[in-house]
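Protein chains: 2
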Amino acid sequence: MKYTEMTSEELKAEKAQLKKEYEILKSRHLDLNMARGVLSVEQLNLTQDMLGVLKTQDDCITENGTDCRNYGLLDGIPEAKKLFAEMLDVDDDELIVGGNSSLNMMYDTLARHMIYGRDGVNKPWATQGEIKFLCPVPGYDRHFAICESLGIKMINVPLNEDGPDMDEVERLVASDASIKGIWCVPKYSNPTGTVYSDETIHRFAKLKTKADDFCIMWDNAYIVHSLYGESAKQMNLLKEAEKFENENTVYEFASTSKISFPGSGVAVLATSKANIESIKKHISVQTIGADKLNQMRHVRYFGSLNGILEQMKRHSAIIAPKFKLVDELFEKELSKTGLCTWSKPEGGYFVSLNVPCGCASVVYSKMCDLGVKLTPAGATYPYHNDPTNSNLRVAPTFPPIDELEIATKALCLCVKLATLDILTK
Amino acid sequence: MKYTEMTSEELKAEKAQLKKEYEILKSRHLDLNMARGVLSVEQLNLTQDMLGVLKTQDDCITENGTDCRNYGLLDGIPEAKKLFAEMLDVDDDELIVGGNSSLNMMYDTLARHMIYGRDGVNKPWATQGEIKFLCPVPGYDRHFAICESLGIKMINVPLNEDGPDMDEVERLVASDASIKGIWCVPKYSNPTGTVYSDETIHRFAKLKTKADDFCIMWDNAYIVHSLYGESAKQMNLLKEAEKFENENTVYEFASTSKISFPGSGVAVLATSKANIESIKKHISVQTIGADKLNQMRHVRYFGSLNGILEQMKRHSAIIAPKFKLVDELFEKELSKTGLCTWSKPEGGYFVSLNVPCGCASVVYSKMCDLGVKLTPAGATYPYHNDPTNSNLRVAPTFPPIDELEIATKALCLCVKLATLDILTK
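Those protein sequence lines, which keep their order, are chains E and S. Under my numbering, think of the first position of the first sequence as 305, with each following residue one higher. Under my numbering, think of the first position of the second sequence as 305, with each following residue one higher.
Please note: incorrect hints may appear among the correct ones.
Where chains are identical, the list cannot tell them apart; a pair therefore holds if satisfied intra-copy or between any two copies.
Claimed, not checked - In silico DSS-like cross-links for lysine-lysine, where the CA-CA straight-line distance does not exceed 25 Å:
| hint | residue 1 | residue 2 |
| --- | --- | --- |
| 1 | K457 | K427 |
| 2 | K316 | K636 |
| 3 | K457 | K584 |
| 4 | K457 | K585 |
| 5 | K617 | K359 |
| 6 | K677 | K584 |
| 7 | K677 | K585 |
| 8 | K713 | K677 |
By construction, these hints were calculated from the structure, which means they are not laboratory data.
Work out the full structure: start from the sequences and follow the hints.
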C-alpha cells in the first residue's frame, strides 16, 4: 500500500518501524560515499597500462616531428587533435587539446570574456555592469560555481525531457543583451541523464540573441558515456550552427576524465575556427602549452575513437549494474511513497531523485548522520537554492556494489522517514 | 687592433672582408635556432626513465592514501609538496603544486587580481583604472606579454649587477598606488644571469608600497640551475618578508621545465599561508586540480632535492660547454669591436649581449637572412621597445655544439658588420 493511501495510524506505525531501522543503521557507524561522479578503483585499473605506453624517445615524437618532451604546439599534438576531432565530429582546426581539466577550459573561456571580451565585440564582460547566464535546472554545481565566482547572475530555466525549455530560452535571450550565455550538458545531463533532442539542438543552433557575445557552454562531458550499448546519436551543434552563421556562439567541451583517469586525463575545447584563432592568441600569453606527453599517452593507448569506445564498454560493464541496483532499490522502496520520482539514465554518472517538497535537505542531513556522504541538497541549483527543496543527486559509480546497496538502502530509508515526517505532521 | 682604434681606411677594408664572409655564409643556407631557452635532445634524454616510473596501482597511491589517478587534492600531493618545499625552502602549506606551466600560474595569479582583487582589499584591478607594473630591464619577454595582454602599463627599471635599482623601485612604489607589482627573476635572471644580492632581497622584503595589493612576482625559474658547481646561495624572500609582515606581497614561482621536461614538468607557487588559502578557494572553482600522476612521477623519479641536484649536474655537464664556447667566441671575435659587452652567467639559460646603440635590430635581421633564428631584438624590453636598440638575448642550450659554433660565429659576424656600418657611416 502506498503512503498516500494509508491512514494516519498506519503512517505512524510505519514511521515507528522505520525509526527503529534508522537507529540500528546508525549504530553501525557507516562511512560511505555516493557524493560525486568519481571512478571506482576497478574502473581506474582498466587504464593502468596507459602509464607505461611511452618508453623510448621515438614514442615521444609526433607525426610532424615535434618532441612532446620539449616546448611547443600550443593547441595540442596533431594525433590528439585527430582523435578528439573524431570523437566530437568536428574538424582538426576547430579544436584545442588542453590539459587535464575541461572545467579549467570552461573557466578560462569565461574568464577571457570577463577580461578581454569577445574578438570583434571587445567589450570585456567585467566592464558591462550586471551580466547573466541561463542555467537549466537541475544542473551541474561546478558550472554554477564558476558563474557565482565571476559574479555572473544566474537565471533558472526548466530542463524538460528533451532539453532546456527552448521557448523560455528564446524569449529571454531575444530581448536582454545582458544575458551572455547558457550552461548545457547535452547528452546524459548531470544530474538528470537528459538527452537533448535534435529539435532542441537545432533551436540552439539558430538561436537569436540580443547579446553579440553570447556563449553556449556545451559541456559534452558524457559524449561516449552510455550505460547500455551504443551511445545516443545527436545532431552536431557546431555544424548545425554554421548553417546559421552562429558558430561563434558555440563552445563545446569534453575530456577523458571518465574515459582514462579523472586526475590525469586530456580535455578539449571545440569551437569555430575564428574563436580558435582568438583563443590561441590569448593562451600563447597564458601558458607554454599543455602536457603533450599525456596527450601522446592517450593517443598511443587508445589509437582511435574505436579504442575509446571499446574502453567505454568496459566501463559500462562495471557501472551499469550499479545504476540498475539503484533503480531496483528505488522501485522497491520508494514506489510505495507515491511521492518520489527518479531518472532512469541511459548514460552519464548520476541519478536525479525527486523527493516530496521540503524533504531534500532533511534527507541529506539524515544521511550525514548515518555516515553516508551524498551531494548536498540544493547543489543542483544555482546559489544552492532549490526552490522546492526536493532534488537530490545520486552518484552510484564510486562505491563497490555491496557498499552501494547499503548506501542506497540507507537513502531510501531516509527518504521514507522524511516523507512520513511531512505526512504525519 | 680594436675597431675604435682603426683608421677609416682600415675599417672599410675590414668591412669589405667581412661582407665577403657574410655572402659565403649566406650561400650555405643555414637553418639554425638559438632563439629560446629550450632543452637539447641530449638533456631531454636524461629524464627518459621518469616516463616508466609509475607501473602498478600502488605506485599511484600517495602517503595519505589518495589515488593519484582519481579526482582530489587540489593543491598537490603531499610528497610533491615536500619535495618542492625543500627546493624553495618554504613550508609545505606555503605551496601549491600545479600543472605543467609556471607561466600559467603567474598569468592566473594576475588574472585573479584583475577579476577578484586581493582578499582583504577586494578591489579588482580591472575596476581600478590604469594600473602599472615595474619591469627590471632587460628582462623576460613572456612576463611583459602577460602585462601587455592584461592592459597593465609597464615601467622600465634598470637591472643592476646586484638586482633591480632598489632606490628607484622604492621611490616609485612609495607614492603611486597604481603600481601593483614588479617582475623579478632573482637568480640567474633572464637574460642577464644576474644574481640578486641579499641586500636587494632584504629591501624587497621590507618594501613599503602605496598599493595595498602589491605583488612581487618572484620567478625563481633557475633556482637550481647553476652552470658550474653549486647553485648560488640567496636570502629567502618569503621568510625575510615575514619579518616585516610583508609576506602577502610575495608570489614565488618555479618549475621543473628545465629539470625534467619543458612540456611535461611540474610547476609550483609559494606564497603566504593567507594567500594560499585565498588562492585555493578560487582554484577550487576553476579546476578539478592538477595532474597528480605527473607529480607522483617526479617524486618517485627524483626522490628528494638531492636527486634533483644530481640531475642538474648532468644538465650542466651538457650545457656549460655551450656557454663556455659562446663566451670564448665572443671574446675572440667581439672584443676587437671595443663596443660590445656580454654577460658571463653562472647559471640560467641565456647570455645577454649588448651591441652598439641602434645595432640590435640590424643584427637580428642580418641573422634572419643567414637562416639563424635569434630572439627578436627588443624582446627583452616591455612593448618590444629597447630604447637604445642594443640588447640581444642569446640562447645557447638547444643546438648541438657544432651548430652552436656556426650560429655564434654567424652572430659575431653580423654584430661586427652592424658595428662597422655605424663606424663607416
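Outcome of the hint check:
1. Taking the closest pair of Cα atoms, K457 and K427 come within 25 Å of each other both inside a single copy (18 Å) and across two copies (19 Å).
2. Taking the shortest Cα distances, K316 and K636 sit within 25 Å of each other inside one copy (20 Å), while across copies they are farther apart (100 Å).
3. Taking the closest pair of Cα atoms, K457 and K584 come within 25 Å of each other only across two copies (23 Å); inside a single copy the shortest separation is 28 Å, beyond that limit.
4. In this assembly of identical chains, K457 and K585 lie within 25 Å of each other by CA distance solely across copies; the values are 19 Å between and 28 Å within a copy.
5. Proximity of K617 to K359 under the C-alpha cut-off of 25 Å is restricted to the inter-copy arrangement: shortest distance 24 Å between copies versus 27 Å within a copy.
6. In this assembly of identical chains, K677 and K584 lie within 25 Å of each other by CA distance solely across copies; the values are 23 Å between and 41 Å within a copy.
7. In this assembly of identical chains, the alpha carbons of K677 and K585 lie at most 25 Å apart only when taken from different copies (22 Å versus 43 Å within one copy).
8. Taking the closest pair of Cα atoms, K713 and K677 come within 25 Å of each other only inside a single copy of the chain (13 Å); across copies the shortest separation is 68 Å, beyond that limit.
In the structure shown, no violation is registered for any of the earlier numbered hints.
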